[in-house]
Amino acid sequence: MKLLIFLLALLPLDRLIWLGFTDGLGANPIEFITRSTGTWALVFLCLTLAMTPLRLMTNSSTWIRYRRMLGLFSFFYALIHFGIWLWLDQDFDLIEMLKDVVKRPFITMGFISLVLLTPLALTSTHWAQRKLGRRWALLHRLIYVIACTAIFHYWWHKAGKNDFDTVTIYAVVLLLLLCCRIPYIRKLLGKRSTI
Amino acid sequence: MSTNEQKRLSQEITPKAVFEGRRDLIKNAAAGAFGLALVPWFSREALASNSQKLIATPNPNFVLKEESTSYQYVTGYNNFYEFGTDKSDPAANAHSLQTRPWTVTIEGLVKKPMTLDIDALLKLAPMEERIYRMRCVEGWSMVIPWDGYSLSKLLNQVQPTGSAKYVEFITLADRKQMPGLKSQIIEWPYREGLRLDEAMNPLTLLTFGLYGETLPNQNGAPVRIVVPWKYGFKSAKSIVKIRLTEEMPKTSWSQFDAREYGFYSNVNPLVDHPRWSQATERRIGDSKGSFAPKIKTQMFNGYGDQVASMYAGMDLKKFY
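Read top to bottom, the protein sequences are chains A and B.
At the far end of the first sequence sits residue 195, using the numbering used here, and the numbering has no gaps.
At the far end of the second sequence sits residue 1320, using the numbering used here, and the numbering has no gaps.
Since the hints were derived computationally from the structure, they do not count as laboratory data.
Treat the hints with care, since some could be wrong.
[Claimed, not checked] Pairs of lysine-lysine, DSSO-like flavour, derived with a Cα cap of 27 Å: (1) A/Lys158 with B/Lys1250; (2) B/Lys1294 with B/Lys1317; (3) B/Lys1165 with B/Lys1053; (4) A/Lys158 with B/Lys1317; (5) B/Lys1176 with B/Lys1250; (6) B/Lys1053 with A/Lys99; (7) B/Lys1294 with A/Lys158; (8) A/Lys158 with B/Lys1087; (9) B/Lys1165 with A/Lys99; (10) B/Lys1165 with B/Lys1153; (11) B/Lys1318 with A/Lys158; (12) B/Lys1317 with B/Lys1165; (13) B/Lys1165 with B/Lys1176; (14) B/Lys1317 with A/Lys103; (15) A/Lys158 with B/Lys1296; (16) B/Lys1318 with A/Lys103; (17) B/Lys1294 with A/Lys99; (18) B/Lys1112 with B/Lys1165; (19) B/Lys1294 with B/Lys1165; (20) B/Lys1053 with A/Lys158; (21) A/Lys103 with B/Lys1296; (22) B/Lys1317 with A/Lys99; (23) A/Lys103 with B/Lys1182; (24) B/Lys1241 with B/Lys1053; (25) B/Lys1165 with B/Lys1111; (26) A/Lys103 with A/Lys2.
Isolated chain B, as found in the complex (with noise of 0.2 Å):
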């Protein structure tokens, strides 16, 4: 790709200041139509938590020619059942989770376990912007511009023994600053898992910021991982703990209902849901408008090349 229409694709990425400005000019046109009272109600916000600058170079193999989704819908449009099953819960009541101070444990079948605090993890390796599409099992897809740096950087620093198999993510479950454990959804605290060698794969990313800051809390602060081949519910969000293990781990989602989220859910248009198609999708802000139609998934998302031979000879409607 040409140094101009990298610039080109990097101008397309809507500024954050666009969007709020459009906000508020949405909001004061509200406010002056039917009075104050009734804006709160109109025209709720995303209210992104405290997040701060981070500097990220932009990783030219991870550039997309799809409009990223903007700021406001990142992080105002989540899935962190922490914070509420709304949509727009997280972003309303993850203020009261607390970053810091941060460490992340990694632990089991490795030759060097170790404690590491949040400042070590940001400085462990150089900080890159990848612009990755994001598909949720529920249908809706993104595309995100993260910045951190790929996982296998830090299990190298552990380095995991011959016996390693699977890694085990596991999340912060605190009742003082997560309101969502309040109800039994599924088993807290959320767990997820990877094969070693998807781990270890250059695309799954440990991420630290979004669109050049660190993470808004609703988006998983401070560190969460990225594996944007697979649902998005297979990237765990404010981890704490990884833990290498020869067996597969027991994850949150495949315990509540195996048969509706496997262990691998990788995206895969041919692979329904029971309860809906995975074949298309709904690209979250479209610039073909709010009816524009659904788009095609693709198979892994799109990241085949990178990771259709982790695969091989495996039936991936057995194992989805």
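Chain A extracted, bound-state conformation (with noise of 0.2 Å):
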């Protein structure tokens, strides 16, 4: 189940290699991998997220197993989307990229997400899971802090054009997942299913 997951995980990828020896990109192909890579980020964000509250509604703990790798996806994403922008945008000039940091509030945004994604991905081993004990899963709480970042900086970037629909779907997913963190929440998700 584990390795179909991953090999699912990774078709996004795989349609942009394919798309990219086939003349597939469409006329703007930097931007297209830009916004994919971005979007499938965001994607695999919510899948992690939706993780939890599965969990409570199934009352079965299999999805927990999967966290882990949907996270380290969305940082994978994250990745590229940022390696594409450090490369093609700023010319791997990092200067030049934290004055855009600085200046830009919807790159501040991305690039907040891809800083704090860094930790909890660096952290995800057992043995890191095992040596931070309860410290771990404080830090990784981080995720909701990110969750909002990540989907501030879609907005925001969104806002340009006054372009606002697909923006508008991911947050609202993101805001119901946020949701079922809140405790009353929560209970009542985990009530539902040992009815």
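Join these two chains into a complex; the hints should help.
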């Protein structure tokens, strides 16, 4: 099952590579790759956050076994998303990059999301989990912050052309997923499954 | 420029047929490898709609050294929110636009207001082919062989009065033909404007075609404006009304956010959009490959010689 999910999670990347080799990335391939990887980072973030509510609703902990991998795929796509920007928009000029991060709020939000995702990815091993103990759970609550900064990043970007259709869908999904963390709602979700 | 050089340059424009051929090749390869079902997902088509030949004489003053962007990209990668906000939406949805019959009304501060049928407009002046750079405010650019004639030829017919200072362009807004009007992204109809001297500048083109064919619907059929030294959104598409006014007209994008989209919106690498730098641009279909670095944006998109004098003494940071 894990292998299947792993292979499915690689499909968006496979698709980009396939499109790249068949001239299918359209008129603006860089924009296409950037947007596609950004979107998939967000999708995997949503999936990661969906595992706990699913566990509560189904009263089964199998979901949690996939959470780490989904989270790591979110980081993976975010890293490509960031890498393309750093390479093709900033030409690996770190000073220019930081200037942009400071100057433009939507880039600030995207950058914060990636920076915060990094420690979560690094401490995703069982070893780190044991080593950090309680603090691990605390650290990994950062994902709630990342959900917000990521959606702000997308929202602000779309604000440039007043085009909120897609970002609204993701915002609603993330909002619902975050709501599942409110203790009262968490309890409700858990209860329903035991009835 | 010598005749020989011109000939060479015009040969550099990749013919439409070559691109269509390549497209078919890929499609067939994809069909063989993955089965027909996957083809639409893997290679979405540019659906250029019912174009007809348009006889236009190349204007030697507007030939560029840069390679022209392929017909496929010019007609498949568009911002035309009346047909959707995705770049591929206009090509997919604009077939519902009825471009005939079509009239354009010219009114306001003119001595001879008139309503002209599209056929009359096509015959009003000799049709020229001009290859212009097109720079979008979003940071990408194309090189497009347009067909049309200077807007001044039309404006001279209606004789603007002495008090006319601005020209407002109002474009079609018909819910039946334009599915994008359902979303209130900006206030419909789309409105754009120029100062009268900008509108009278010989560069400002009243445009009916591209690549020697009538405009595909997604490119603003049957008649649009092209203002090559300004960001693309200043060039209003599918125009139904031209109004001459004394006051600066309220334009759609500056009404949405004047801080981001000014009335002038001259291409200017020194004035950033609040969300991104305007110093460089990505040339669509760059022959150096998809991963080629961005190219430097030129002041006034490279048309400074012809237009800079109109802004003498103006602070272009303030009047962006």
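Hints and how they fare:
1. A/Lys158 with B/Lys1250: Given pair lysine 158 of chain A, lysine 1250 of chain B holds - Cα atoms ~23 Å apart, limit 27 Å.
2. B/Lys1294 with B/Lys1317: Within the cut-off at roughly 23 Å; holds.
3. B/Lys1165 with B/Lys1053: violated, 36 Å
4. A/Lys158 with B/Lys1317: Within the cut-off at roughly 24 Å; holds.
5. B/Lys1176 with B/Lys1250: holds, 25 Å
6. B/Lys1053 with A/Lys99: violated, 50 Å
7. B/Lys1294 with A/Lys158: At roughly 22 Å apart (the allowed maximum being 27 Å), lysine 158 of chain A and lysine 1294 of chain B satisfy the hint.
8. A/Lys158 with B/Lys1087: It holds: about 14 Å lies between the C-alpha atoms, which stays within 27 Å.
9. B/Lys1165 with A/Lys99: violated, 41 Å
10. B/Lys1165 with B/Lys1153: Within the cut-off at roughly 17 Å; holds.
11. B/Lys1318 with A/Lys158: holds, 25 Å
12. B/Lys1317 with B/Lys1165: It holds: about 22 Å lies between the C-alpha atoms, which stays within 27 Å.
13. B/Lys1165 with B/Lys1176: violated, 34 Å
14. B/Lys1317 with A/Lys103: OK: lysine 1317 of chain B and lysine 103 of chain A at ~18 Å, within 27 Å.
15. A/Lys158 with B/Lys1296: Holds: lysine 158 of chain A and lysine 1296 of chain B sit about 25 Å apart, inside 27 Å.
16. B/Lys1318 with A/Lys103: holds, 19 Å
17. B/Lys1294 with A/Lys99: holds, 18 Å
18. B/Lys1112 with B/Lys1165: holds, 16 Å
19. B/Lys1294 with B/Lys1165: Answer violated: lysine 1294 of chain B to lysine 1165 of chain B is near 37 Å, above 27 Å.
20. B/Lys1053 with A/Lys158: Roughly 38 Å between the alpha carbons, so the hint for lysine 1053 of chain B and lysine 158 of chain A is violated.
21. A/Lys103 with B/Lys1296: holds, 21 Å
22. B/Lys1317 with A/Lys99: Satisfied, since the Cα-Cα distance of roughly 20 Å is no more than 27 Å.
23. A/Lys103 with B/Lys1182: violated, 34 Å
24. B/Lys1241 with B/Lys1053: holds, 25 Å
25. B/Lys1165 with B/Lys1111: Holds - the C-alpha atoms of lysine 1111 of chain B and lysine 1165 of chain B are around 14 Å apart, at most 27 Å.
26. A/Lys103 with A/Lys2: violated, 42 Å
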